Amino acid sequence: MKKLIILFFAILLIAGTQTAIAQGNSQKEKSKKELKEKGKDLKEKGEKKVREVKEKHEKGKEKEHKDKDKEREHDEDDDSRDNGKIKDKDNKKEKKEKKEKVEKENNGKGNAYGKNKGDLTGREFGQARANEAKNKIEEREVRIKRSEDTVEKGRRKVKETRERVKKQHENKEINDKELEEKEVKIKSVEEDLNDLEEKIKKGKEKALQKKKEIETIYE
Amino acid sequence: MTFAFFVSIITISCTDKKKEEEKTKAAVEKIEAAEKEMETISNEIEEKTNTIEKEINELDNL
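Taken in sequence, the protein lines are chains H and S.
Residue 0 is where the first sequence starts when you use numbering that gives the first Met the number 0, and the numbers rise one by one after that.
Residue 0 is where the second sequence starts when you use numbering that gives the first Met the number 0, and the numbers rise one by one after that.
Treat the hints with care, since some could be wrong.
Heads up, simulated DSSO-like pairs for lysine-lysine below, C-alpha to C-alpha not over 27 Å straight-line [unchecked claim]:
{"id": "1", "chain 1": "H", "residue 1": "184", "chain 2": "S", "residue 2": "16"}
{"id": "2", "chain 1": "H", "residue 1": "200", "chain 2": "S", "residue 2": "17"}
{"id": "3", "chain 1": "H", "residue 1": "152", "chain 2": "S", "residue 2": "18"}
Computed footprint of chain S on chain H; a stretch qualifies when at least three of its residues, placed anywhere within it, have a C-beta under 8 Å from a C-beta of chain S [as the list claims (entries may be wrong)]:
{"id": "4", "segment": "128 to 140"}
{"id": "5", "segment": "177 to 189"}
{"id": "6", "segment": "201 to 210"}
Worth flagging that the hints you see were computed from the coordinates, not collected in a lab.
These numbers were taken from a predicted model, which means no experiment stands behind them.
Glycine included, each C-beta is placed from N, C-alpha and C at the ideal position.
Construct the entire structure; sequences and hints are all you get.
So, in structure tokens, the structure goes:
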């Protein structure tokens with residue numbers, strides 16, 4: 000669509016210039032002479048004006064210098080008294096102006112997506128954001144993998160505890176009821192471990208999926 | 000004529016910029032949603048891991 004519009008306007012432009020050229024060819028030669036003459040006159044007039052302006056400028060400068068010298072002499076006496084107060088006021092004003100400028104600049108770089116973020120264009124900003132998100136997801140993956148270690152450790156511990164409790168029962172250190180209670184506790188830990196394992200599995204799959212999703216956004 | 004051409008070019012470039020902005024906005028929203036989803040999943044897993052670690056330590060007392 001965009002290309003069509005551009006093409007349309009380009010054709011219109013070419014057509015327009017061609018008709019203008021055709022009409023203008025006959026009058027060109029006449030107008031060339033007139034233009035040359037006019038050009039010469041304008042040049043002369045321009046040069047004169049430039050000279051005048053330069054002269055005025057130089058005169059103005061001389062006047063300014065003289066005035067400034069006079070003012071300085073006059074102010075030096077007054078400044079010795081009021082200098083502190085005036086300087087403070089000026090400094091405060093300057094600081095305020097600087098702060099406002101900085102705030103304005105920062106506001107310009109706010110949250111508008113796609114607008115220039117520093118030197119980044121919208122696409123570059125998006126790509127940078129995508130990379131950042133990918134890194135964050137990878138960090139999360141590492142943390143999820145740490146939980147896998149806990150699962151492994153838990154499984155080992157459950158096995159050891161079960162064997163120990165069995166031995167306790169065999170040695171009649173605990174009765175049947177106590178054995179049952181301990182078994183229930185071990186089973187609940189086992190179920191939680193299964194639950195965590197399932198969650199880790201899903202989390203890993205999700206991490207892969209999200210990473211792929213992010214990669215496809217800017218492919 | 001040329002004025003119209005330039006005006007049209009400017010409007011086209013403006014609409015292009017706006018479109019790019021919208022595209023980027025949508026992309027960033029998608030990225031942020033993915034990031035957030037992963038964050039909640041990972042936090043859930045970590046929470047569960049912490050409770051399980053406590054349970055594992057309690058097994059020593061059995």
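Hints, one by one, checked against the model:
| no. | hint | in the structure |
| --- | --- | --- |
| 1 | H:184 - S:16 | violated (63 Å) |
| 2 | H:200 - S:17 | violated (41 Å) |
| 3 | H:152 - S:18 | violated (53 Å) |
| 4 | 128 to 140 | holds (count 6) |
| 5 | 177 to 189 | holds (count 5) |
| 6 | 201 to 210 | holds (count 5) |
The structure fails to meet hints 1, 2 and 3 from the earlier list, while all remaining hints are met.
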